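Engineer: Place chains B and C on chain A using the hints.
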Amino acid sequence: MVWNLAWLIPAFPLLAFAGILLFTQRRAQLSHRLAIGGIAVALVLAQLLFWLAVTGAGGTPAADSWRWLINNGETVSLGLALDPPALVMLFMVPLLCLLIFIYSTGYMRGDPRYGRFFAYISLFASAMLGVVLLDNLLAFFICWELMGLCSYLLIGFWYERPSAVAAGLKAFLVTKVGDLFFFLGLVVLYANVGSLAYRDLFTAETLAQLAQPGYLGLPVSPALVIALLLFGGTVGKSAQFPLHTWLPDAMAGPTPVSALIHAATMVSAGVFLLVRMFPLLTAAGLPVLPVAYIGAFTALFGALVALGQNDIKRVLAFSTMSQLGYMVAALGLGAYVAGFFHLLTHAFFKALLFLSAGSVIHAMEHGHQHGGGAGEFDPNDLLAMGGLGRVMPRTSVAFLLGGLSLAGFPLLTAGFWSKDEILAQVYAQDQALFWVLAAAALLTAFYVARQLSLVFLGTPRSAAAAHAQESERSMTTPLLILAAFAVALGWVGIPEHFPVLGGLIPNWFHEFVGASSASAPVSADWQPLALGVGAGLLGLGLGWLVYGWRPLAAGALEPLAAAMRRLHLGWLYRALQQGFYFDGLYQHTVVWATQALAAFSARFDAAVPDGAVRGVAAGVRALSGAAAYFDERILDALVNMWGGISVGLGRFFNWLDLHLVDPLVNVIGWFGQLGPWATGSVEPEVPDAPVGPVAWLWTRLGKFVTALQTGAVQDYLSLAFFTVIILIVAFFL
Amino acid sequence: MVPLSWYLILAAALFSIGLYGLLARRNLVMLLMSLELLLNAVNINLIAFSRYLEEGQVVGRVFALFVYVIAAAETALGLAIMIAVWRTRQTVAVDEIDTLKG
Amino acid sequence: MTLGFGQIAFLAIAALTVAAALAMVLARHIFHAILLMIAVFVGVAALYVLLGVSFMAGMQLFIYVGGVSVLAVLAIMVTRGFMGDRPRPARSTYGAAVVAASVFGGLTWLILQVPWPSEPLVPAPQNDLAVLGQVLVSRAGYAVPFELASLLLFVVLLGALYIARER
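Residue numbers (the working numbering), protein chains in the order written: chain A, 1 to 733; chain B, 1 to 102; chain C, 1 to 167.
Just chain A, same shape as in the assembly:
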């Protein structure tokens, strides 16, 4: 059955990982060939299966299962869930991975740990594909944690930088908090359903049973509890408020890592979890307000903070956080298809933006080296760039298209279609949230225009920017391919009610994905469309006015900062830049408390358990002291008494010997003179006198036996076994 090929899709990158780690780490070319080969095979298989499913040629997708855990007659099977969400992700993930892998060959050129980088990203690709394909929540969790591990390894890839190491640890620990909630959700789910496999979970009876309110006596249904706990995992992994603090710091990793993990795939896995668990959300009762509120809040929060960032990658990080908030809000309100569509388009244009940013960073570093720059230099600094549009045509086109897609430029960009659909769905459900998301859209467009203007327009504001040049083909070609997707991908999901264009081509996305789950009805109002387009264009216009019309000159103050300071809002701007001080808050509460607890535990452990051990040792020492006393005083006294008795006996025997035995011995001694003759101990008068026969025999025998005692244990062993063999032979003859 052709669908079993799906098992190979995560297998090839995994084999590439193992191969590189074991064999080719030192050979750069071979390592990247192995990695790219692995993901290319996965891509071919994934595309094959995707198109087979879309055209319906291969029948209903179903792959074989594998007996995984066997416990006393019960078996848990592990299989693949090849439903439409998985197939869409299968279209996207290997393609993005391949493009980013190719990009990495240019970006990471010359890095001393080049091979290991490719090993790690291959492992990551394999884990992501596992998350997408496997049909059991426990396996999902395992691959989820594997992705977290790869994220840690890759953020701290340049481990000579303490900031990178700290960022990796922070990412791991903050997402771990979310994973704890996820795990609790798994536990509650298993307690209620008895299985963690999708096919057992998504039956109508199970969902109906979970939707009954009254879990643990509270007026909530188990489905809601489980959904919220699982959502905790999403909050961690997709950097939603309040577990968002790790994402900006994660930009310390290499840019391909930021693109792959922290924009396109791993953070999307959190949203993908919600997509997969959508039936559960439905059972919990749509709209799931906590999810929607957190998503909307994060969307606005991320967009606000992005305004104050001067690091090209941090802007994109907060932007990712904000866009994920959109998706989470959409899913919380039941706009399943819209949220998932935005996931798909966002992956492409965000990866595009990150890779383009990487190209810019590379150009800045190159310019710094060749422009004779010295001292402190941050290649990511927006305020040091400028005018790069002239020297980096391909990168700037790519960045422009990605940025416009992010801002939701109407009709021509993929981001527009997906964002517009979310806005339309939200408008129909909850007006307040709509305005929040619309405001976020305006801010998004504003900071996109800001970033584009600061980087590409005007004149270079530093020596590095002045000496920058376009990046190599291995980096710019993936950019252009991604740009094509960022433009065209939206057209697979044109809603039918869209004025003029709707209905011209079928809404393939909705047909393919929407059929698999009940989602909120599509609304046909024009207001959200107009408001969304208006917000986007307004934001772009304002941003261009502030930053692009009169481009920033070298050394000048950042316009937004200057404006806010003039309005006595400088404190607000600083808060914006610092992400509203959440990092500091967490540091001084959670981190401080944990460290205090750890210190206390250390002191307690040194005092109490170790004290007990020392007490036992002291007791043993006392006991041995008592035993020694006993031995010295009592036992030795007994021995001395024996000694005295022995001396007396000895004297008696001595007398006996002197007066009885000696005369006897003297008689025998006369006969004994024969002995010395035989053994040759009679002193010979002549030096070469012949030695007695017995002595000669004895000496020969002794020499022979001594020769056997070589002292080498192996000779003794050989002799022993040889004897054994002889005995066996003798036994059987």
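Since the hints were made in silico from the structure, they are not lab data.
Accuracy of the hints is not assured; some may be wrong.
What the hints assert, rightly or not - If you only want the chain B side, here are some residues facing chain A, beta carbon under 8 Å, derived:
1) 19
2) 22
3) 23
4) 94
5) 95
6) 98
7) 99
Being a predicted model, the structure only gives us computed values, none of them experimental.
Don't be surprised by glycine CBs; every beta carbon is placed ideally from N, CA and C.
Structural biologist: Frame of chain A; chains B and C shown alone:
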């Protein structure tokens, strides 16, 4: 199915190979490792006999478990002795540790 | 005799195990020998799985691969400088080979004399681990040897620590 004699012959082969290692190598660690081979061969024998000849399969496996214990204990002690010998004599070649000679 | 799947599996694993054992006793470098020893242990564990006693296979991996092999590696790390193995005089290696070959020959001849059964007595039972555990700790079973074995391990631990301590 696999006849019992195949398992026994395999165990005999491992035993002989371990024996060769025991008698022919100079490094003390090699000797201890060859001893492990011998004990593994014995274990295979025990398990195979238990599987093929014993109802309930208990005694053979218990015996093999105890052989594991003894093997691990003996390896640990042997390596400790080796370290002590290394400290005093700076060598672990068995044909140079011949204080019993003569 | 037709070769069924089980027999092919046995032959493959047995061949690999014996090859690894041979390579181990003939290895030049002691570290290679340790790695080959690990391979032998894994092969024996695979044989146990083939025999249906997966618990023993797990124990084999735990104790040998996880314990003894690590000990051996640590030992050669302590006695560094003696990684190689100058070959013994040919005379004594031939003697050892003769002894080993004759032991093998003798044992094989002995084995082939007896008409062993070629089928296992019962199919692998499903819940034998509980029986094994109960036998090990019941008074009518092997509780006393079990306790003695733990006592032995304790004594060996103390002895090894004492012998190998820094002076």
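Engineer: If you take the shortest Cβ to Cβ gap from residue 98 of chain B to chain A, is it below 8 Å?
Structural biologist: 3 Å, holds
Engineer: Please check whether residue 95 of chain B passes as an interface residue: C-beta within 8 Å of a C-beta belonging to chain A.
Structural biologist: 4 Å, holds
Engineer: Would the hint on residue 99 of chain B be counted as holding, given a Cβ-Cβ threshold of 8 Å to chain A?
Structural biologist: Holds. Min distance 6 Å.
Engineer: Hint check: is the beta carbon of residue 19 of chain B less than 8 Å from a beta carbon of chain A?
Structural biologist: OK, holds: residue 19 of chain B within 8 Å of chain A, min 7 Å.
Engineer: Is the interface hint for residue 94 of chain B satisfied, with its Cβ closer than 8 Å to some Cβ of chain A?
Structural biologist: Holds: closest Cβ of chain A sits about 6 Å from residue 94 of chain B, inside 8 Å.
Engineer: Would you settle whether the hint for residue 23 of chain B is holds or violated, based on the nearest Cβ-Cβ distance to chain A being less than 8 Å?
Structural biologist: Because about 5 Å separates residue 23 of chain B from the closest Cβ in chain A, which is inside the 8 Å limit, the hint holds.
Engineer: Would you settle whether the hint for residue 22 of chain B is holds or violated, based on the nearest Cβ-Cβ distance to chain A being less than 8 Å?
Structural biologist: 6 Å, holds
When the structure is compared with the earlier hints, no violation turns up for any of them.
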